[in-house]
Structure formats: structure tokens, C-alpha cells
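Fit the two chains together into the complex; they arrive one by one in their own frames, and the hints show the way.
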Amino acid sequence: GAVVSQHPSRVICKSGTSVKIECRSLDFQATTMFWYRQFPKKSLMLMATSNEGSKATYEQGVEKDKFLINHASLTLSTLTVTSAHPEDSSFYICSARDRGRAYEQYFGPGTRLTVT
Amino acid sequence: AQSVTQLGSHVSVSEGALVLLRCNYSSSVPPYLFWYVQYPNQGLQLLLKYTSAATLVKGINGFEAEFKKSETSFHLTKPSAHMSDAAEYFCAVAGPKGYNKLIFGAGTRLAVHP
Chain P
267 GAVVSQHPSR VICKSGTSVK IECRSLDFQA TTMFWYRQFP KKSLMLMATS
317 NEGSKATYEQ GVEKDKFLIN HASLTLSTLT VTSAHPEDSS FYICSARDRG
367 RAYEQYFGPG TRLTVT
Chain Z
2 AQSVTQLGSH VSVSEGALVL LRCNYSSSVP PYLFWYVQYP NQGLQLLLKY
52 TSAATLVKGI NGFEAEFKKS ETSFHLTKPS AHMSDAAEYF CAVAGPKGYN
102 KLIFGAGTRL AVHP
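Chains as they are written, first to last, in the working numbering: chain P, 267 to 382; chain Z, 2 to 115.
Do not rely on the hints blindly, as some may be mistaken.
Residues from chain P that keep clear of chain Z, each with C-beta distances beyond 10 Å, as calculated [claimed, not checked]: (1) Q272; (2) P274; (3) I278; (4) G282; (5) K286; (6) F294; (7) K307; (8) G319; (9) K332; (10) L342; (11) S355; (12) F357; (13) I359; (14) S361.
Covered stretches of chain Z (in silico footprint by chain P; criterion: 3 or more residues with CB under 8 Å from a CB of chain P, positions within the stretch not fixed) [unchecked claim]: (15) 40-50; (16) 104-112.
Derived by calculation from the structure, the hints in this document are not laboratory data. Every residue, glycine too, gets a C-beta built ideally from N, C-alpha and C.
Isolated chain Z (complex conformation) (with noise of 0.2 Å):
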């Protein structure tokens, strides 16, 4: 079975801070996992996906990933904070080979004050 934890519901940095979403997942086999962002009132974007080949996995946006087998997380980080990334981010996996459906966290929302 597959699981996803993200933690914390919500998270709010200053404009220009670092932005950090964790996200722990639990696979009985190699996972695929991904972040996803939604916007109010709209379908999800794929912002990065990790598919066993770089643990360092660089998206659209500016965001980034690492996929760290030991602790078994997927964190989502951005260096710099934009007013535009508030929105809801989801970190969702899938295997083996990504061939299975998407099992998804519970997604934080990201706050961006100014």
C-alpha cells in the first residue's frame, strides 16, 4: 500500500523567503512521486516529478525537489518566495513504474505576505 503525508496544512513565508512543503511518503515498491499545484477554482499543474533517475529533480517555477530514500521524503523547496506561488500544493505518488493511480496528501496551502 501507498501512502502520502505532507505536514503541515498550511505554511506562510514573506515574499523573497525560502518556501519549504514537506512531503513523506510510504511505498512497498521504488515510487514515482510528484507535486502538483492548484490554483483556486482550477485543475491541478504538474510542478516536478521524480521517476527513479536524479534525486534532484528541478520543475517549472523555480521549485525543486530531492527525493531522499533513507527518509523516505520528497520535500518541495523554492530559494525565493513569489506573491504568485500562493496556491495549494499536493504531493501525490504512484508505482510501480507510475503505472498505478495517484495516491494523494492532503495538500498545504502556501500563504505569500508581502
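Isolated chain P, as found in the complex (with noise of 0.2 Å):
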């Protein structure tokens, strides 16, 4: 149980394009999920925190009208780079928090990002 994925697990996409990425909850329902960001060979980043029907909680110095994130079910969040660029290039790494067991995340198998 507690099986998250992402999609897509790799994407190269043109500099000034958009980039979807999906994450889901497959087996439970998922009130909060969160986005973090991983550059080489460092920890995560929490970019921002995402809850079901709301918004967004971006963390400080995280462009919300960059990396656009929507929560409209209890199974699927999205981020969304736009007009992406290369050094938007990264690993990003969702988790949900499954809302029966609240201080536990269950991570994505993430996604890698290139801009060229």
C-alpha cells in the first residue's frame, strides 16, 4: 500500500515551454501533497505544499506564477514549470500524506526534468 507515482518520470522539453508534471495517490487519499526539488547530489527542496481544494503554500523564494501547482482531487496533484528554462533543469520529487496516517509521507519515484 501507499504507492505514489509520478509522471512523466523523464521529460526534455525547449526552452519557453511548459511542463506538466502529474502526481498520484494510487491507493489512498492524499489531503496534502508537497513538491520538492532536487539538484545533483543534493537534499530536497520543498518548493511548496499543496492541499486538496486550495491553495497552494508556496515556500519563500519558490515563484508560484512559475511553478503553477493544482490539487483538485484527493489523488492528484500537479506542477506545472512554465516557460521553463535551464536552469529550471532538476529532479522533482512529490510526496503525499495520506490522510488516515498524517505524519507520514509517501514519496513519488520522481521526475526528471531537462530544458534544453
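Here's what the structure looks like:
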């Protein structure tokens, strides 16, 4: 149980285009999902917290107009990187909090974004 | 405010040797503590967690960690390293009662040599 999927696992896009990454909780309801960014050989940096049915809460320094987050259902959150640039290339990981076990987060396998 | 410090960005051990990965935390409230493992190009897998019950926590793959409030530590150990343990390990803190966001340490890369 407690499986989180991400799609796509890898994406390459041209500079200036937008990319959408999906995060799904497959076998539980996630009232809260989190989006992280990880640079090579670095730790995870929390970008935003996404609550179902409400606006995401962004961490300081994260541009909310560039990283659009939508959490339309209890099993799906999306991160859209708008007008992507090479510096947005990174490993993006989502996690989901089970509403029944609120202290535990389950992580997705990550999405490798490369902007050319 | 909460924070996590992982001492040693790289740890190298021989196969069969003791694994010790250090984690110290800072928290103004009773913390919930976690250890995660990450293999290359993958997400994070929970190894174990401390949620204010037993101070010695056993996790998957033979790992365990001991919560020591007096030392504000939550070190990860495994009696005998296996080649498959080579990975990146992250310590994280949340609180109170784990409802807040996770704060991650910088990570420790474990290398296991034959």
C-alpha cells in the first residue's frame, strides 16, 4: 500500500515551453501533497505544499507564477513549470500525506526535467 | 524552528562492517524523526520513523535508529553492511506530531566496498 506515482519519469523540453508533471496517490487519499526539487548530489528542497481544493502554499523564494500547482482531487496534484529555462532542469519529487496517517509522507519516484 | 544536521556527507565502509550514519536535530517541540534512503534517480523510501513511542526504532533492511533526547540525536545503524546498502540517506524532522512539513538534512552518501 501507500504508493505514489509520478508521470512522466523523464521529460525533455525546449526553452520557453511549459511542462506538466502529475503526482498520484494510487491506493490512499492524500489531503496534502508536497513538491520538492533536488539538485544533483543535493538534498530535497521543499517548493510548495498542496492541499486538496485550496491554493498551494509556496516556500520563500519559489515563484508561484512559474511553478503552478493544482490539487484538484484527493489523489492527484500537478506541477506545471511554465516558460521553462535551462536553470529549471532538475529532479522533481512529490510526496503525499495519507489522511489516515497524517505524520507520514510517501514519495513518488521523481521526474527528471531537462530543458534545452 | 527545526533543523537537521547530518555529520559526514560521505561514509565508506567495508561489506560486513558496522554502518553508522549520524543525525542531529534541533526542534522546539517534540519531534517526529525519519530516515529515508534514495537510490540513484529514484524517489525516497522510508527506512524508519520515530513518533514518540519507543526510543529504539527498527526499520527495514536491518537498519535501526535510537532517539536520544539528551543528545538531540537520531543516528542510523546497521550491524553488517551489504553492497546493496550503497545509496544516499536522508534524515528528516517534522513536528509537532508530524503534521508539519519535513525538514531534511543534507544527506549522507554511503559507499560499501567489498
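Chain Z versus F294/P - minimum CB to CB distance exceeding 10 Å, so not interface = The claim holds: F294/P sits with its nearest Cβ about 14 Å from chain Z, beyond 10 Å.
Over 10 Å to the closest beta carbon of chain Z is the bar; see if K286/P clears it.
-> For K286/P, whose nearest Cβ neighbour in chain Z is about 18 Å away, the distance exceeds 10 Å, so it holds.
Closest CB of chain Z to the CB of S355/P still more than 10 Å away = For S355/P, whose nearest Cβ neighbour in chain Z is about 14 Å away, the distance exceeds 10 Å, so it holds.
Taking the minimum C-beta separation from G282/P to chain Z, is that value above 10 Å?
-> holds, 26 Å
Assertion that chain P covers the segment 104-112 of chain Z - criterion: three or more residues, beta-carbon distance below 8 Å | n = 5 at 8 Å, threshold three: holds.
How does the coverage statement for the segment 40-50 of chain Z fare against chain P, requiring three or more residues with Cβ below 8 Å from a Cβ of that chain?
-> Since 7 is at least three, the answer is holds.
Minimum Cβ distance from K307/P to chain Z greater than 10 Å, as the annotation requires | Answer for K307/P: violated, closest chain Z Cβ roughly 8 Å.
Could you let me know if the closest chain Z CB is still more than 10 Å away from the CB of Q272/P?
-> violated, 8 Å
Is the Cβ of F357/P farther than 10 Å from every Cβ of chain Z?
-> violated, 8 Å
Beyond 10 Å from every chain Z Cβ - status for L342/P | holds, 17 Å
Find the nearest Cβ of chain Z to the Cβ of G319/P and say whether that gap is larger than 10 Å.
-> holds, 18 Å
Far enough from chain Z: is every CB of that chain over 10 Å from the CB of P274/P?
-> holds, 13 Å
When held up to the earlier numbered hints, the structure conflicts with 1, 7, 12, 13, 14 and fits the remainder.
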